[in-house]
Amino acid sequence: MSGQTESELAGQVVELVRRLGGPAAQAETVVTRADLALTRFANSAIHQNVSESTVGVRLRVHVDGRTAAGSGSVVTADGLSALVERTLAAARLCPPDPGWPGLAPPASTPDAPPVDEATAHAEPDQRADRVGAFVAAAGNLSTAGYCRTAHRSSAFANSAGQSAYGRSVEAAMDGIARRDGADGVARRCADRLSDLDGAELGAQAAAKAQAAADPVELPPGHYEVVFEPAAVADLLQNLSWYGFNGKRYAERQSFAEPGTAQFDRAVTLVDDPLSASGLPFDAEGTPRRALTLVEAGTTLAVAHDRRTAAEAGAESTGHAVAGGTTWGPMARNLRLTGAAVGPASATGRSTTGAAAGAVVDTDTAALVAGVRRGLLVTDLWYTRVLDPKSLVVTGLTRNGVWLIEDGVVVRAVRDLRFTESYPRALGPGAVLGLGARAVRQPDRVDGVWWAAPSLRLASWHFTGGASG
Amino acid sequence: MTEFDAATAAVQAALDAGARYADARVMHRRYESMTARNGDVEELTQDESVGLGVRALVGASWGFHAVPDLSDAAACDAGRRATRTAMASARVPGPPVDLVPVQAVTASWASGCQIDPLGVPLSDKGDLLVDATRTMARHGADLAEGLYQIWDTAKWFVSSEGHRIDQRIRECGGGISATSIGDGETQRRSWPSYRGQYGTTGWELVESLDLAAHAAQIAEESRALLTAPPCPAGETDLILGGEQLALQIHESVGHAIELDRILGWEAAFAGTSWLDLAQLGSLRYGSELMNITIDPTIPGALGSFGFDDEGSPAVKRDAVRDGRWVGVLAGRDSAAMASLDYGGSVRADGWARLPMVRMTNVGLEPGPHTLEEIIAATDDGVLMDLNRSWSIDDKRLNFQFGCEVGWEIKKGRRGRMLRNPTYTGIGPLFWRSMDMLSGETVAWGTPNCGKGQPGQIGHTGHPAAPARFKNVRVGVSA
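Going down the list, the protein sequences come from chains A and B. Number 273 in my numbering belongs to position 273 of the first sequence; there are no gaps in the numbering. Number 78 in my numbering belongs to position 78 of the second sequence; there are no gaps in the numbering.
Bound-form chain B, shown alone (with noise of 0.2 Å):
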């Protein structure tokens, strides 16, 4: 019996047991990662999962079961049940659900990889973070850690309206940090950031990091930080490096236009989004350089596929252009219920977990400035890069960050480093604060999403460069 098959009989169960629509999702998970310490290798774990997780709508009730057994017994009784938990939902029904229409395909997508990563010979890769955690302990790190991951994941997709898509998605990344200790704090830095860059490539992608090289710097930075002076509080012009200012995109601009949450469907957990949907395609998010792309086809970033966890096809499309709203992360269910003609950004953390609204690839666009004119334009202010802290409400508005490493900015030079920095502020403000951006893009990869009750943890894509942002209030402590 094949993954097909399996997902296929499930799909044909739950319709005969009463479902009007029915999808299955088989999946077959590999995933490695190698942790080191001080020098030594510190955790290696390869787990592999394989499993089968069927959808079925009965009226306008969903139900979801999932079973880690692909024989036709099992993948028959998982169609079944989730059929039964459909009409169970139904207790307590809710308003119809539509799906928008995606045309059935059969198709094959696989992501882009020159080096397979798993193939990479565990002694290579563990000899990389030693020799990079060693170099960060001789520099004065009282902690050097370092860490890649791998996933491997083939994922075959069945819809009772014909889809028929397999995919086989490779994704890894990695990088190291140095911790120095205090007497009352700790200092952290790290390269390319904190637990590493990941992209949907192959191993080529971690060697291209060079870790080794930017060991010694980053634990000397850590050592120099415990000594460096704090950074000042008050009302500033905030220029961030490309790194957090994509988790910045991720955490106020990502979530905010996923539409689950601006339909309610996560006011209790996740939170809700202060984005109406009335104001689409009028509101004003940000500054007229604030352009916003969801899309999933760039090669490489982490957010990536050929088609999402409900068939759709990768679509790029807009979410922000010219600093105005235009577009949402949606499914076919949620897009339907907010009257959008558009899914695309469903996917599902594995076999056993629901496929729901997530990041694909949400990033900005390039602007027309360099890291070095924004500083030279700059004559007062302070420069943060690599995300420490990371805190917002269930709106999406109020955040607060904080960062591994500040400097102060003096009539357009970098001056000396500042420890513990941090900003805060209000989405929409901050961004339509932003008055230059850089065209050094990098499509950061964050691998730790999280959303959805039972958990699931998303990979997400977010182009990034630096920018500058007016009048930003820094230096917040307890």
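Only chain A is shown next, with the shape it has when bound in the complex (with noise of 0.2 Å):
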């Protein structure tokens, strides 16, 4: 493998498409190094066990009026030659491409938060450690989950000038306790390996496995709900990807309408990229800078690349991904802010009994206990959209539902199924309680998180019970 830096190996890539391409030909390449390792677990063995040191380069040429991108994995000489050669040719045969945006110009990028070296170079050892812990913190129920680590270290350059360079890294341990067919979860993302306790995160899933037995049927119905943060993450997902997505709202896809109070006074949503480790620019070189989607229940903005800015009339806001043209831009930093709205009690009451272990925080507690008859909702699974534009999405619960009456949470309950806009539901007047705290949650790609607090509903619409 090349012994040349990313921001060399992005440099060269720029000057090989101003040699091969002409003056003219507008280049934009991001060269990424990534160390990444899961070290996977389940029936409390770790069962896979896997890491991968790789590179990768992708660039985007714009010629004679003409747009292609293409990525590859070698970085010797005669592969990035063989990279830009072929990126060219494909842009000379594709049709003119109107509405290219042209590049993103110089501009310097913010600081990021500083890289943790330990997480960065993690050994398997450590990672073991942790899942070695969460097992032994359940006691004698089974479990199942992941603890991982990422390091990326990234450069970008453009024929315009720009140039940026970034490292982030990202711990993260997600992982279940199972009693009897019922399961609790726990699952936290953080910049530092150090900074996740397997054995505080395996007594937290434990304790709600253990809450969580004997669960009874409910008939399908309108519940208030308190949803807990893992549960939110899901809905902050579906509104970035659905309804901030620049793209989307350009093709009327999207229910955002910004200007316009489309939400409960208590919900404020903010991409907000670099209060963790990350990347501090975008896959187009734009720095990338916190955007304010929601505030106070007005949609503010959506968030867009070069290409649906300059569709919009407006300025990039950071949010270019790999593939954008075809998805659109996505904010994949968002955060609920917590807002204490609701019950005042930091405490809220306890639940005892059988559904001991149910409720993990204050902020969730002091949700539960104003709750008159409602459900307690730690996961949302499998949610699918029926219809991008009023966002209506169907999924089921999991990892644990439960019936509260009267502010204490009473019993278990199965699984059920949903059917919900999820805009609706968030909706003036909908969000009767926000917790204070926000509790930052993995995505399946490590970089991407979402990060919100307990979260009480007015209405959430089951359409189907375990048992159909």
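By construction, these hints were calculated from the structure, which means they are not laboratory data. All of these numbers come straight from a predicted model, not from anything done at the bench. All C-beta atoms, glycine included, are put in the ideal place defined by N, C-alpha and C. Incorrect hints may have been included.
Residues on chain A that point at chain B, a partial pick, calculated with CB under 8 Å [claimed, not checked]:
| # | residue |
| --- | --- |
| 1 | 40 |
| 2 | 74 |
| 3 | 77 |
| 4 | 81 |
| 5 | 87 |
| 6 | 125 |
| 7 | 131 |
| 8 | 387 |
| 9 | 394 |
| 10 | 444 |
| 11 | 447 |
| 12 | 466 |
| 13 | 467 |
Two chains, each in its own frame: build the complex with the hints.
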């Protein structure tokens, strides 16, 4: 493998495009080296344990009014030349691209949080020991999940003179404990592996699994709900991908209407990529910065890359992703700001008896305390969009549902299917409470996360029980 | 240094470092995709990736490491790191690991291909999508989208048991979609399915789809759906088209019979299965019309190969015979743990991913009817086709699907179009209600099956034909 730095390789690619494509050829490239590792466990044993040390080059060229993109994993001189040659050749054979927005101009990128070197270079033993602590803390319950670390070192360059470099790290742990088919979950991500306590997470998952035992089936219908952060993360992801996506907005496939009070006043959504370790630039080299999408219930903005921004007569918000011409720009570090709306008590009423352990934090306890009759939902699963414009989504509960009566969790409930419009469920007057502390939840891909507190909603439409 | 040399070096290094078994996969994959929208090419991407992944077994613990470098030094280092990772796994050990025997062979295999898809001029491929999307826009679609994808994968597999197998698998496919946007919702129609039909074939598959010929009709149907009556809510007889039934098979049978799920290996993410190995051979999964095979030997189907990524040869097996559950998708280690004698369904999504249990071609054998006979025999029901949304629980029991279009069936005739058709049910109850099945089978390809952590995208095939199901709940809405 080449010993050159990512910045050197990126510069070399841009120079190759200039040499092979002529002075008018426009090019942007991102070179990324990554060390990704994931230690996976099931039946309380590590059964899959993987790591990869990779390098990738992504290139987009615009020549003679035509655009093409390519990528490769070979960073030798021959490999880079081949990538440039085939991408230029592809562009020349393409039809004209009238929507080409031009390259990102030179701009300084913001400072990103420092990288924790211990996490960047974590050894498999360190991940295994956290798994061991999770398993031990769950006692005699069966456990499953993962502990992962990710380190990316990435350089951007384009032929307009923009160049940037950054590194990111992330550690995440996600595990369940199981009792007689009832599961409890604990899930976190952090900038430092040392911030993940396997024993704490294992104990939390075990307590929830114990509390989830012997569930009863409830009839479908509209229920008041308290969603824990894992469930709220699903709302944020779908709102981001389908609603605050500048391409879908331009296509009139999004519900978003900037300037309109579409959400409850308790809802403030901010995409804040550099509040945690992250790269300081997007796939087009535009500096990343915080973007408020919703403030006190009013939609303010959607995410843009250069192409959607040009169509909208706006500026890129730094949300370009690879493949974004097709999928659109995406906010991937969204935080629902906690506001402590609703019950004033930070302690709430403790849950006792068979359901003890269902509530794992004081935020959630405070929200539960205000519910006369409703459901506490830990996690959502397999959510799919029935209609993107109204953002009607179907999915199921997972990893624990409990019935709340008179402010107390009284018993476990079997999983339910729901069919609900996410923006409608969060609409004006629909949010009855919000926890104070946003908990960062990992996505399936490192670098993507959703931070949310627990959330109390007036109504959620459950359309099916466990038996259909 | 050849690809086999690199794989051999990695395996030997893993053994030298203490592994009792090791295997390595070198993969070289080229990928090309083009999307078009409203008469313009939207995005053209060409990717090329080469690397090596090595898997090591130490005692009862696995380790895996991957690198994008085929030099001797890099391959050996990858082998050693895989072994070191396996030793770390032993800090939280599991039960003993065995591998069901597979004859070590030296072999080559290639999928069939009449027209090299990467050899077709980009301008021709672009013209195809541009023309089709232009036609759809002209016939009323607000969003007219077209897509093709091509994968050309060469792989070299070596194991410490003596396997030495190279394969070349070419896959491609494509499709078109028309979306019409109303005040509060959108309606979509696609051909031949959303994001297309795929197979282990050459460009001849895309040509056979005749995208341009269907562009006007789907655009007009998407527009008409905006004002069509909604699918009524209630229980009725449900006729599913073959494309939707393929996804029904994928979600409620294919995933359910994955042995790693049954054993709990996917419990925290993809989920488990409602199936219990103690009932293998006796459980009634569906009606007697239900005959599901696991068959990676089907020429041209998307889940076909010569050997899986553990070196097991492609073999056709029964999964469900006359409605009874009789087989699983398995790998060498999971099969041994379940006291079964076959693997053969393990694949990796590229060189950087661990091979794991994946669907191959899991589909229905043809039935005795035709779609027209099924419609004619239905007094009151709904016909639905082309998937729009899919959701199923972590045990693969409780599902809800949405389709692009429905048609009212009254007194044996197809009536008016219905919008927003959905249906929901419980897997085995649903399959037991299947009382008519067509023989008009198509091996549908699904190129986007997600599973595993880190995530892997699998390519699977699903032979399916239209079928009827009794007393199904339809018309679920928000």
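Does the nearest C-beta of chain B fall within a distance shorter than 8 Å of the C-beta of residue 131 of chain A?
Holds. Min distance 5 Å.
Does the closest beta carbon of chain B sit nearer than 8 Å to the beta carbon of residue 394 of chain A?
holds (5 Å)
Given residue 467 of chain A as an interface hint, is the shortest Cβ-Cβ distance to chain B below 8 Å?
Interface hint status for residue 467 of chain A: holds (6 Å vs cutoff 8 Å).
For the hint on residue 74 of chain A, does the least C-beta distance to chain B fall short of 8 Å?
Result: holds, 6 Å to nearest chain B Cβ.
Hint residue 40 of chain A vs chain B: min CB-CB distance below 8 Å?
holds (6 Å)
Per-residue hint verdict: residue 444 of chain A, partner chain B, C-beta under 8 Å:
holds (5 Å)
If you take the shortest Cβ to Cβ gap from residue 466 of chain A to chain B, is it below 8 Å?
Since the shortest Cβ distance to chain B is 6 Å, the answer is holds.
Cut-off 8 Å, beta-carbon criterion: hint that residue 87 of chain A touches chain B:
holds (7 Å)
Status of the hint placing residue 81 of chain A at chain B (closest C-beta pair under 8 Å)
Because about 13 Å separates residue 81 of chain A from the closest Cβ in chain B, which is outside the 8 Å limit, the hint is violated.
Closer than 8 Å between Cβ atoms is the bar; does residue 125 of chain A clear it against chain B? Give me holds or violated.
holds (5 Å)
Return the status of the interface hint for residue 447 of chain A: holds when the least beta-carbon distance to chain B is below 8 Å, violated otherwise.
Check failed: Cβ of residue 447 of chain A comes no nearer than 13 Å to chain B, outside 8 Å.
Would the hint on residue 387 of chain A be counted as holding, given a Cβ-Cβ threshold of 8 Å to chain B?
holds (5 Å)
When the structure is compared with the earlier hints, violations turn up for hints 3, 4, 11 and for no others.
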